[in-house]
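Protein chains in written order, with the UniProt record's numbering: chain G, 1 to 268; chain P, 1 to 360; chain E, 1 to 296.
Do not rely on the hints blindly, as some may be mistaken.
Cβ-to-Cβ under 7 Å is the rule here; a few derived chain E residues that face chain P [to be verified]:
hint: 1; residue: A187
hint: 2; residue: Y188
hint: 3; residue: A191
hint: 4; residue: R193
hint: 5; residue: I194
hint: 6; residue: G196
hint: 7; residue: P209
FYI, nobody ran anything at the bench for these hints, they're computed from the structure.
For each residue, glycine too, the CB sits at the ideal point set by N, CA and C.
Next come the chains, spelled out residue by residue.
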Amino acid sequence: MRNGTLPKIVFIVYVLILMTPIYWLVKMSLQTNTDIMSGLTLFPRHPTLEKYFEIYNDPTWVHAFGVSLSYVAINTVIAVAVALPAAYAFNRYRFIGDKHLFFWLLTNLMAPAAVFAMPFFQLYYAVGLFDSIWAVVLAHCLFNVPLAVWILEGFVGGVPREIDETAAIDGYSFPRFFILIFLPLIANGIGVTAFFCFMFSWVEQLLATTLTSTHALPFAAVMTRAYSVSGMDWSLLAAAGVLTMIPGAFVIWFVRNHIAKGFALGRV
Amino acid sequence: MTSITLDRIAHAYGGKPRSESDYQLKPFQHVWEQGLAYALLGPSGCGKTTLLNIISGLVIPSEGRLLFGDKDVTRLPTEQRNIAQVFQFPVIYDTMTVAENLAFPLKNRRLPKPVIEARVAEIAAMLDLTADLGRRARGLTADAKQKISLGRGLVRSDVSAVLFDEPLTVIDPALKWELRSKLKAVHRALDLLMIYVTHDQIEALTFADKVVVMNDGRAVQIGTPAELFYRPEHTFVGYFIGSPGMNFMPAAVKGDRARVAGFEFGLGQVYDNVPAGQPVQVGVRPEFVSVTSGPGLPAQVRRVADLGRKRLAYVSLGDHPLVVTIPREVEGLGEVVAISIDPANTHVYVADARVQGRAP
Amino acid sequence: MTEKPLNNRAWFFVLPVLGFVLFSSIIPVMTVVNYSVQDTMGANSFFWNGDQWFRDLLNPATTIGARFNDALFRTLAFSLACLAIEIPLGIALALCAPRKGWAVGISLVVIALPMLIPWNVVGTIWQIFTRADIGLFGATLVGTGLRYNVTQEPISAWMTIVVIDVWHWTPLVILLSYAGLRAIPDAYYQAARIDGASRWAVFSKIELPKLQKVLVIAVLLRFMQTFMIYTEPFVVTGGGPGSATTFLSIDLDKIALGQVDLGNAAAMSLVYYLITLTVCWIFFTVMTQLERRRDV
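Let's have the full structure, built from the sequences with the hints guiding it.
In structure tokens:
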């Protein structure tokens, strides 16, 4: 359908509203604390990158940023890798307990992190994973693996079953078929799934902070430093906040075409 | 009910074409007559879908005028053009029943209810959909869905043309024939102009009164199926129509004699208008070259294909490959056979276009 | 459509998933169940308490029961408010989004940005943004004469959390709907024009039915997330003022960590978990049943 002018205006207005709080954060990150507190301004009066340098020069911040990125990346890879065969099985075969299993997997998406934080802490403490990135990786699998299975199952359903049969007739072994033929066919689906896994792991902070203390503290947890006895360091908080948006923005830029095309093969 | 005129219609995506090759559709002049069934035949990318989209209003041509009757509709939106279209994939409204689907175009035009009901019943009967009227459309088979999309076009009494965009693509082979006969029957019953886009020559030749063969953005020949078969006006038509296609051999033509690879044979007409300096070919369909026990040109046999209904031999005349028919009475071919060419069905092409000779 | 073949070896494909999820699921759930039937006197002394916690919880006459009831209704009201705003808004904006050209990529990135911000940072952004002294939102509302104050006014606080959630998660609905709309072949729109359908008919007869499947995902995901909302109110309002934004997760946290009343908190968690599950199960079943009935 051709877009008229009104939808365009509505959309632009929405994007502007959406961006205002983010702009506000960016603006504050470029101001000094005295500048912030001295009154409301739409633009920073004396823009400075001071707080960004402060973060860049502090090993704790840098280390925490690396920690966050690594557990998110590992979690995304694991979630997609184990979900692929499962999604295939759920879509292509019937087996004992398949429907119950599928729903049980989904129930894990409904487990509130606030409920699980405490038992998780005890569990990972007991197995000696506490304060390592693996604790966070495994904990995030709780919701990311079921989510990945759910999304991928739709994409697997978008590939006609005849393709599996043709490949079998052509003499492909199952692993070869799966890797060489099937995976390229659902590349969009994998892109979309990876995006969602990345997103939910990157933004989840409650479990990540509960399961770590010093070595594997995620970036967003270090932000509590801005709350100190001498008062709020608004500027530092804002600068750190801005930095947390960058990896996500990169990821979505890379998968934007998959998102646009992706669901065509999937659920719809 | 009107005829459709393409008045020097041409289209180049993105505006100004610099050369001939920038056109998706090269300038085209043609009148589609009311009551006839046309097929637009050509390989993918030949411009046939562009042409169809121009008629339906999806694409506005960059040059020329489109007339329905004598009304200029070049820039008129689709909904005001009184056309119906059946797409490659069945387009139906999922949430509605078959009856609601058929009534939809009339409802949108705010016709009184009794009129709608009568019209829906009439069209449903014509398309054998009466039994399914109360069912959800989305549960039906692909061919029934295609009939619904056709029916949505036909319910409107003001429709001036029905456009088909490869409508049998997703239909089971066994049902294709049936649905095509249904289309023919509807065409005869309603006396509408129908334009049918396809890349399948059998579909085109069996459906249409007239076939427009397109290649590379150009209509290379418009004619009845027989004309396309017996007198292809362009080498492309020769290749594309017929199975296998026409034989073409570079030749020297003088008067009513042609010379190919040192062998000479007679032509049905006298050609004293062949221009010099341009490639000359003679073309003859495999159906009109046959192996003979009598006198003929010597050819090397390379391969024999038995198609059941007919047998073909792939031979070389000098170094030119030819496909020839083996008559039923000939048995056991040697390595070299004599072939005879039917002069009446042999044509001369200069720069790919057929040249008309004069009677001897 | 032929029936799927029966193949119990498919279990092998599912085993890795099972392993990962079970590890993080069964033991913690068992821990919670274990707490829910015990009482603690602090430190490490526990004793059997049977189903007492559950009976108290489900009886609105008790203090804890009343508290749970309130939190539950507050949370449900919040979930419904968010869904009622986000789903229609998301669909409408997906219809307005650009379909081709350079604007597509940029629009997608910009729209998705709020979802990619860690939740406590979202809280921080709004904590700043809603302040009357240094935040644009707060300053504007106060400037227009409204009695807007997140830390003092219950209505302000409650509405603010809804606004945050709408800001944060409408993009998910837009993305899902947008992808769904893109998947509709052009032929449908062309056919609708030939049939003389109005814009509204195109929406209700073509677009909405085709969006049904992605909308099920959107509604389920949004229900689960809003029902479990924790971080944003925790950072922005801390559950206050009073208990205006004390949603179930916040309340649980207060009881478990604040009062170290693990037994009560665990029982609450389980009941809470079961409610989410039931709602999702009903929704899921109803939607799939509707789907099946339509094909007949």
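Results of checking the hints against the structure:
1. A187: Holds. Min distance 4 Å.
2. Y188: 5 Å, holds
3. A191: 4 Å, holds
4. R193: 4 Å, holds
5. I194: 6 Å, holds
6. G196: 4 Å, holds
7. P209: 5 Å, holds
The structure shown violates none of the earlier numbered hints.
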